[in-house]
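S.K.: As they're listed, the protein sequences go chains B and G. Sequential numbering of the first sequence, starting at 85, is according to the numbering used here. Sequential numbering of the second sequence, starting at 209, is according to the numbering used here.
Just to be clear, a hint being listed does not mean it is correct.
A few chain B residues facing chain G, derived, Cβ under 7 Å [as the list claims (entries may be wrong)]:
1. 366
2. 652
3. 690
4. 694
5. 695
6. 696
7. 705
8. 711
Keep in mind the hints are simulated off the structure, nothing from the lab. What you are looking at is a predicted structure, and each value in this text was computed from that prediction instead of being measured. Don't be surprised by glycine CBs; every beta carbon is placed ideally from N, CA and C.
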Amino acid sequence: MSGQDPVAIFRIEARDLLEQVELDLLTLAERQDDRETIDAVFRSLHTLKGSGAMFGFDALAAFTHHCETAFDRVRKGEVAASPALISAVLAARDHMRALAEGEPTEPGVEEALLDDLRRAVDGAGAAPVSTPPSAKTWRVRFSLPPETFVNGGRPLPLLDELRDLGPCEVTAVTDGVPAVEDLNPTDCRLAWDVVVTTEQPRSAIEDVFIFVIDDMTLDITEVVDEPAAEAVAEVAPDAKVSTIEPPKAANSDAPPAEGRPRVAEMLRVPAERLDELMDRVGELVIAQSRLKQVAASSSDQNLMTVSEQIEQLASELREIMMVVRMVPVGQLFGRFRRLIHDLAIETGKTINFATDGETTELDKTIIERLADPLVHLIRNAADHGLETPEQRKASGKPETGHILLAARQSGAEVVITITDDGRGVDRARVRAKAEENGLIQPGQVLTDNELLQLIFAPGFSTAAAVTNLSGRGVGMDVVKKTIEGLRGAIEITSTPGQGSVVSLRIPLTLAIIDGLLVRVGASRYVIPLSSVEECVELPVEQDLRSAGRSLVTLRDQLVPFIRLRQMFNTGQEPDPHQKIVVVSTGQERVGLVVDQILGDHQTVIKPLSPFHAAVGAFSGATILGDGGVALILDIGCLVAAGQRPDAQLRAAG
Amino acid sequence: MIADNANDPIEALTFDLHGETFALEAGLVREVLDLLPETAVPGAPPFVGAVINFRGRVIPLVDLRVAFELDAPPPTIDSRIVVIEHPLDGEPTLIGLRADKVHEVTAIDRAVTEDAPRVGLKWRADFIRFLARRNGDVIVIPDLEQIFAARGQTAVVTPIHASQS
Chain B
85 MSGQDPVAIF RIEARDLLEQ VELDLLTLAE RQDDRETIDA VFRSLHTLKG
135 SGAMFGFDAL AAFTHHCETA FDRVRKGEVA ASPALISAVL AARDHMRALA
185 EGEPTEPGVE EALLDDLRRA VDGAGAAPVS TPPSAKTWRV RFSLPPETFV
235 NGGRPLPLLD ELRDLGPCEV TAVTDGVPAV EDLNPTDCRL AWDVVVTTEQ
285 PRSAIEDVFI FVIDDMTLDI TEVVDEPAAE AVAEVAPDAK VSTIEPPKAA
335 NSDAPPAEGR PRVAEMLRVP AERLDELMDR VGELVIAQSR LKQVAASSSD
385 QNLMTVSEQI EQLASELREI MMVVRMVPVG QLFGRFRRLI HDLAIETGKT
435 INFATDGETT ELDKTIIERL ADPLVHLIRN AADHGLETPE QRKASGKPET
485 GHILLAARQS GAEVVITITD DGRGVDRARV RAKAEENGLI QPGQVLTDNE
535 LLQLIFAPGF STAAAVTNLS GRGVGMDVVK KTIEGLRGAI EITSTPGQGS
585 VVSLRIPLTL AIIDGLLVRV GASRYVIPLS SVEECVELPV EQDLRSAGRS
635 LVTLRDQLVP FIRLRQMFNT GQEPDPHQKI VVVSTGQERV GLVVDQILGD
685 HQTVIKPLSP FHAAVGAFSG ATILGDGGVA LILDIGCLVA AGQRPDAQLR
735 AAG
Chain G
209 MIADNANDPI EALTFDLHGE TFALEAGLVR EVLDLLPETA VPGAPPFVGA
259 VINFRGRVIP LVDLRVAFEL DAPPPTIDSR IVVIEHPLDG EPTLIGLRAD
309 KVHEVTAIDR AVTEDAPRVG LKWRADFIRF LARRNGDVIV IPDLEQIFAA
359 RGQTAVVTPI HASQS
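Given these sequences and hints, build the entire structure.
M.R.: Shown next, in the form of structure tokens:
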């Protein structure tokens, strides 16, 4: 990591900070006087300004300074966190993001944003503040963590700030200073006892420590009728001792004097390193299964014990690897609160947005790729789904529309649902539109599900006019493609007048799928289990009879089938009891004739090289327990291939 | 790739393909393997008809004999797989090359190399980077970039021939 570009590191930090600022601002929009959140926003902005200046993002630092100043006033209670102010800072946040990412910004934007901000601050008026209390005396005891100096912290400015509050008596407390031989000169072992008399409220003293409060100990008590001087006199002798003891080099491995609360440590790791680790774990599993075979054929008890141990470790390691890439979807869901905030303003609708199941975990890459489709679906729900407050009132519904974004795990899949309580899909309009676009024949009989699926057809949009919100170039067909690209599925159900539910079924990870391992000739192949509908026997008489037409009747439905043995040219005699694995992509089904079904297989997907990308019938490969390679069948491609000769046959006949 | 400027000898791994000696710059070579179980990829051309498991990765197995229209006798005890790292469509890719026999790493003096002659050679000239003489024999240094880009196709397929096949 040390070789990483510092600017890139700053950008990552800035992105995180700005995301946090956005979430906090939205929380503030709901609870205006949440002090903790106000402080959090201020701290984030302050950090952003500082780091920005340090890494040469001067424009960002200068701009952020204004927002920080505004929030400083909010924090001090001079200004209320009004909706106007929050909107202004939200807009400013977007500008900061652009500055941090180095995106070009239009001239004048900055001034306009700052004007808005100024107006918002001036218009907000003072927040209700309690009248300044008369001067009180406070006793402040604080100590900083030992590594403060190492991390660049300095206690002196804190003391200076305290002095600014009023007359101050500062005493160093040396109880925590170890004997000289145990002292590490770079550790901060001193504590301070400060008696300050000030007119400012207690919170002003707390504010002094706002940037260091997370790691330090702080104790503030009001001194009642106790002369400050005495307090100082009590501890003064100790302080003198401390100046006598000269700091001397000591063993740096001396144990920390006091235990401090451990913070959960997070680590940023480039995704490709995880992929590499995953590869190595895959190799380990293969090597282990060879070892197991060797151990089984020997009578060496020790070897067998070691082999079992390694098997256990390897399987644990593999499980951990799967989990490492997972992140909670809450990260993704949080982003949509801003979207809803904007949508509510743009549409004039009152929207209550709720999320559920934020702790459900998904592969990081999948989460990234889900963002755009979800934005589109939520826009759709707000724009097309929900009615205006007047319409809702007229139909006897509460004025506030609800959108629920929920996630839950179901087996090896995560189901994400977007539920709205709007008007529901207008079937008649969908039909009319589909007929107009030639997607269906006029009067064609469709099941309700088929009708709803038309929404996902390319070139379909029910919005009579393309609004600013929906239809920004991406249609539902793009959403569907993205989801299918993730090996997922999309469904919609809708009740007129009561709303719609769009469900996305997404595999937990892109790296691993549940597969059905089959044998065709001498080779083994994996069929993604999610697309398998059923497995049936291919009766011998049917096999012979269907030489001309590759169709089998399944529950009164004709299903075309493909003989993989022919397609793959195995050049071997078929097994006497061939099986048909029926697979589907949405509506279309096709049977794949295989020689043998070997069973379930948890498949770590390996990509194929560009040499084999054009072959088409395979979406990847996997390594089996014995070290052999099995190709993963590309179902979409096979289904298309299965439908084609069938259509040609019909056309010819 | 092979530096053109220096007159330093080229360190190269030499190997046999059906009686012809080929050489690859040693820096490209990752590993020389004994034969491994191969998995045929149905529908793929014979030039790259299979994949193998190389240390937990699935890598293509290329048969240069197809590109040079050499016969491919069944594998012997000397058969090896030379794993190289070479860019493929812009991505560095691990690729296995079949070899009938692998010899030593040898220094090829730039003085004994020459460009492929325009006539008298049955192979596609652009598949050959240059030829080197050694002990009255010839070593072929193939142009992998060209060969991979052409997917080992030995001739430009014209429409006339396409209809026949």
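S.K.: Decide, hint by hint, whether the structure agrees.
M.R.: Against the structure, the hints come out as follows:
no.	hint	result
1	366	4 Å, holds
2	652	4 Å, holds
3	690	4 Å, holds
4	694	4 Å, holds
5	695	4 Å, holds
6	696	5 Å, holds
7	705	4 Å, holds
8	711	6 Å, holds
In the structure shown, no violation is registered for any of the earlier numbered hints.
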